[in-house]
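Colleague: The listed protein sequences correspond, in order, to chains A and B. Oh and the first sequence: position 271 is 270 in numbering that gives the first Met the number 0, straight run, nothing missing. Oh and the second sequence: position 3 is 2 in numbering that gives the first Met the number 0, straight run, nothing missing.
By construction, these hints were calculated from the structure, which means they are not laboratory data. Certain hints may be false.
Calculated pairs, DSS-like style, for lysine-lysine (alpha carbon to alpha carbon, straight line, at most 27 Å) [stated by the list, open to error]:
{"no.": "1", "chain 1": "A", "residue 1": "K197", "chain 2": "B", "residue 2": "K59"}
{"no.": "2", "chain 1": "A", "residue 1": "K269", "chain 2": "B", "residue 2": "K50"}
{"no.": "3", "chain 1": "B", "residue 1": "K71", "chain 2": "A", "residue 2": "K269"}
{"no.": "4", "chain 1": "A", "residue 1": "K116", "chain 2": "A", "residue 2": "K127"}
{"no.": "5", "chain 1": "A", "residue 1": "K153", "chain 2": "B", "residue 2": "K71"}
{"no.": "6", "chain 1": "A", "residue 1": "K109", "chain 2": "A", "residue 2": "K208"}
{"no.": "7", "chain 1": "A", "residue 1": "K246", "chain 2": "A", "residue 2": "K208"}
{"no.": "8", "chain 1": "A", "residue 1": "K116", "chain 2": "A", "residue 2": "K208"}
{"no.": "9", "chain 1": "B", "residue 1": "K67", "chain 2": "A", "residue 2": "K256"}
{"no.": "10", "chain 1": "A", "residue 1": "K197", "chain 2": "A", "residue 2": "K230"}
{"no.": "11", "chain 1": "A", "residue 1": "K101", "chain 2": "A", "residue 2": "K171"}
{"no.": "12", "chain 1": "A", "residue 1": "K172", "chain 2": "A", "residue 2": "K117"}
{"no.": "13", "chain 1": "A", "residue 1": "K197", "chain 2": "A", "residue 2": "K269"}
{"no.": "14", "chain 1": "A", "residue 1": "K197", "chain 2": "A", "residue 2": "K172"}
{"no.": "15", "chain 1": "A", "residue 1": "K153", "chain 2": "B", "residue 2": "K50"}
{"no.": "16", "chain 1": "A", "residue 1": "K208", "chain 2": "B", "residue 2": "K76"}
{"no.": "17", "chain 1": "A", "residue 1": "K197", "chain 2": "B", "residue 2": "K67"}
{"no.": "18", "chain 1": "A", "residue 1": "K230", "chain 2": "B", "residue 2": "K79"}
{"no.": "19", "chain 1": "A", "residue 1": "K171", "chain 2": "A", "residue 2": "K208"}
{"no.": "20", "chain 1": "B", "residue 1": "K59", "chain 2": "A", "residue 2": "K171"}
{"no.": "21", "chain 1": "B", "residue 1": "K67", "chain 2": "A", "residue 2": "K192"}
{"no.": "22", "chain 1": "A", "residue 1": "K208", "chain 2": "B", "residue 2": "K79"}
Being a predicted model, the structure only gives us computed values, none of them experimental.
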Amino acid sequence: MNRRNFLTSSASLVGASLLNRLLINQSGLAAAQTVEKLPLRQVKIMYICDVEVLNSSDLINRKNFSYTILRNKMVTPMAGPGASILQYFASFAAEVASDYVKDSVVDWLKTLTSGDKKTAEDANTMMKNGGFNDYSQDNVYLSNGVYFYGIGHKDDLNVCAPFYPPTNNTPKKLDEPLMIEGPVALGFSFGSKDWQSKEVPRADGLVPKSGNYVPGQLEKSLEEAMYGATKAGGIGVNYQVTNASQKHGEITIASVKDNNDGTYDTLLAKTYGINWT
Amino acid sequence: MKAVLVFSLSVMLVIVSGCGGAPNNVKQQTLTTSTTNVIDVKPQKPTSFTKVGVVQGTPKQQEELIQKLQEKLAVEKEQK
Numbered sequence: 000m001n002r003r004n005f006l007t008s009s010a011s012l013v014g015a016s017l018l019n020r021l022l023i024n025q026s027g028l029a030a031a032q033t034v035e036k037l038p039l040r041q042v043k044i045m046y047i048c049d050v051e052v053l054n055s056s057d058l059i060n061r062k063n064f065s066y067t068i069l070r071n072k073m074v075t076p077m078a079g080p081g082a083s084i085l086q087y088f089a090s091f092a093a094e095v096a097s098d099y100v101k102d103s104v105v106d107w108l109k110t111l112t113s114g115d116k117k118t119a120e121d122a123n124t125m126m127k128n129g130g131f132n133d134y135s136q137d138n139v140y141l142s143n144g145v146y147f148y149g150i151g152h153k154d155d156l157n158v159c160a161p162f163y164p165p166t167n168n169t170p171k172k173l174d175e176p177l178m179i180e181g182p183v184a185l186g187f188s189f190g191s192k193d194w195q196s197k198e199v200p201r202a203d204g205l206v207p208k209s210g211n212y213v214p215g216q217l218e219k220s221l222e223e224a225m226y227g228a229t230k231a232g233g234i235g236v237n238y239q240v241t242n243a244s245q246k247h248g249e250i251t252i253a254s255v256k257d258n259n260d261g262t263y264d265t266l267l268a269k270t271y272g273i274n275w276t
Numbered sequence: 000m001k002a003v004l005v006f007s008l009s010v011m012l013v014i015v016s017g018c019g020g021a022p023n024n025v026k027q028q029t030l031t032t033s034t035t036n037v038i039d040v041k042p043q044k045p046t047s048f049t050k051v052g053v054v055q056g057t058p059k060q061q062e063e064l065i066q067k068l069q070e071k072l073a074v075e076k077e078q079k
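Just need the whole structure built from these sequences, with the hints factored in.
Modeller: Have a look at this one:
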């Protein structure tokens with residue numbers, strides 16, 4: 000990426016010491032207007048420029064961005080109006096991840112054993128054959144032992160995200176991934192924003208450890224809903240195109256907690272309308 | 000004596016410039032630090048979808064989804 004693109008359209012990751020530098024920097028090169036501490040290890044920074052900002056006009060241009068820092072290591076743009084599905088997914092990942100593993104799939108592959116590497120490469124090949132070749136936001140995350148990342152489709156609309164659950168077959172650590180696509184991935188992201196349970200962390204209620212693979216794209220209704228097992232219980236997402244001519248659809252997401260006595264508590268149940276072009 | 004004075008002045012000069020007294024030096028320090036900590040999130044592509052919002056009056060869809068989800072979980076538990 001050239002420097003201009005970096006300045007105009009990207010966010011940056013900053014370490015804790017660097018964050019402090021930003022906050023106390025007296026030079027005017029970098030500044031943060033609002034810092035809000037959030038639970039766990041997350042710090043949300045509103046209206047922050049990044050460390051590459053060189054003058055005040057850049058600051059002004061960047062005022063509508065906000066970022067999340069996870070373990071003082073990762074900054075991800077919070078998805079909002081104008082964001083792509085890939086960015087929505089990145090935002091979801093930042094919400095539920097307990098760890099930021101690598102900033103690219105390629106770097107992550109280098110850390111894997113041969114068996115795990117083959118598992119991941121097979122998944123990537125499958126995605127590539129399906130048109131998912133946009134690695135522009137391929138940060139790798141970890142949550143509840145599940146590694147995952149999002150890859151965009153060449154149509155610039157859809158996304159596919161493999162979720163690799165852990166396996167007990169040592170030395171192989173990764174099991175075959177559950178592929179989450181298009182509207183299901185979008186449902187995850189919307190659901191994470193509306194998560195209200197204080198008892199169950201959103202990662203426990205939203206990150207699937209296993210489930211049924213449901214091919215999905217915004218232009219078509221799902222043939223069947225996606226159901227997955229989570230740490231808390233389970234998650235389900237359905238998507239139906241409700242008006243094809245007007246390119247409108249509805250995503251329904253539900254997450255439940257398994258009380259292990261035959262009963263379930265509903266943690267989340269929402270339906271969202273979307274339009275696509 | 001002159002040599003000592005020149006040496007002392009040189010040391011002081013190095014310390015002052017190392018502290019980033021001049022704005023340009025501060026900028027350079029910041030950028031240098033950033034390269035070791037910064038991972039950029041890549042450029043934004045033009046969006047082609049819009050979130051309309053939460054759809055009201057859809058409890059039936061949600062109830063059906065929850066019911067089937069619970070059935071699936073129960074079956075999975077039995078199989079284990």
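Colleague: Give a verdict on every hint.
Modeller: Each hint, compared with the structure:
1. Restraint check: the Cα-Cα separation between A:K197 and B:K59 comes to about 25 Å, which is no more than 27 Å; the hinted pair holds.
2. A hinted pair counts as satisfied when its Cα atoms are at most 27 Å apart, and A:K269 with B:K50 qualifies at roughly 13 Å.
3. The suggested pairing of B:K71 with A:K269 holds, with an alpha-carbon distance near 19 Å, which does not exceed 27 Å.
4. Distance restraint check for A:K116 and A:K127: the Cα-Cα separation of roughly 16 Å lies within the 27 Å cut-off, and the hinted pair is therefore satisfied.
5. As the CA atoms of A:K153 and B:K71 are separated by approximately 34 Å, the hinted pair breaks the 27 Å bound.
6. For the hint linking A:K109 to A:K208, the alpha-carbon distance of about 23 Å falls within 27 Å, and the restraint holds.
7. Under the criterion of a C-alpha separation no larger than 27 Å, the hint pairing A:K246 with A:K208 is inconsistent with the structure, at around 32 Å.
8. Restraint check for A:K116 and A:K208: the C-alpha separation of about 19 Å stays at or below 27 Å, so the hint holds.
9. Pair hint B:K67 plus A:K256 holds up; C-alpha atoms about 14 Å apart against a cutoff of 27 Å.
10. Among the hinted pairs, A:K197 with A:K230 is consistent with the structure: their alpha-carbon atoms are about 15 Å apart, no more than 27 Å.
11. For the hint pairing A:K101 with A:K171, the CA-to-CA distance comes to about 19 Å; that is within 27 Å, so the pair holds.
12. Our distance criterion of 27 Å between C-alpha atoms is met by A:K172 and A:K117, whose separation comes to about 12 Å.
13. About 17 Å separates the Cα atoms of A:K197 and A:K269, which keeps this hinted pair within 27 Å; it holds.
14. For the hint pairing A:K197 with A:K172, the CA-to-CA distance comes to about 31 Å; that exceeds 27 Å, so the pair is violated.
15. Between A:K153 and B:K50, the direct Cα distance comes to roughly 21 Å. Compliance with the 27 Å bound is thereby established for this hinted pair.
16. Between A:K208 and B:K76 the alpha-carbon distance is near 14 Å, which keeps this suggested pair within the 27 Å criterion.
17. A threshold of 27 Å between alpha carbons decides the hint, and for A:K197 with B:K67 the separation of about 25 Å falls inside it, so the pair holds.
18. Distance restraint check for A:K230 and B:K79: the Cα-Cα separation of roughly 16 Å lies within the 27 Å cut-off, and the hinted pair is therefore satisfied.
19. Taken as a hint, the A:K171 and A:K208 pair is honoured in the structure, with Cα atoms around 17 Å apart against an allowance of 27 Å.
20. At most 27 Å may separate the alpha-carbon atoms for a hinted pair to count; B:K59 and A:K171 exceed this at roughly 43 Å.
21. Taking the CA atoms of B:K67 and A:K192, the gap is about 24 Å. The hint holds against a cut of 27 Å.
22. This hinted pair checks out: A:K208 and B:K79 have alpha carbons roughly 15 Å apart, not beyond 27 Å.
When the structure is compared with the earlier hints, violations turn up for hints 5, 7, 14, 20 and for no others.
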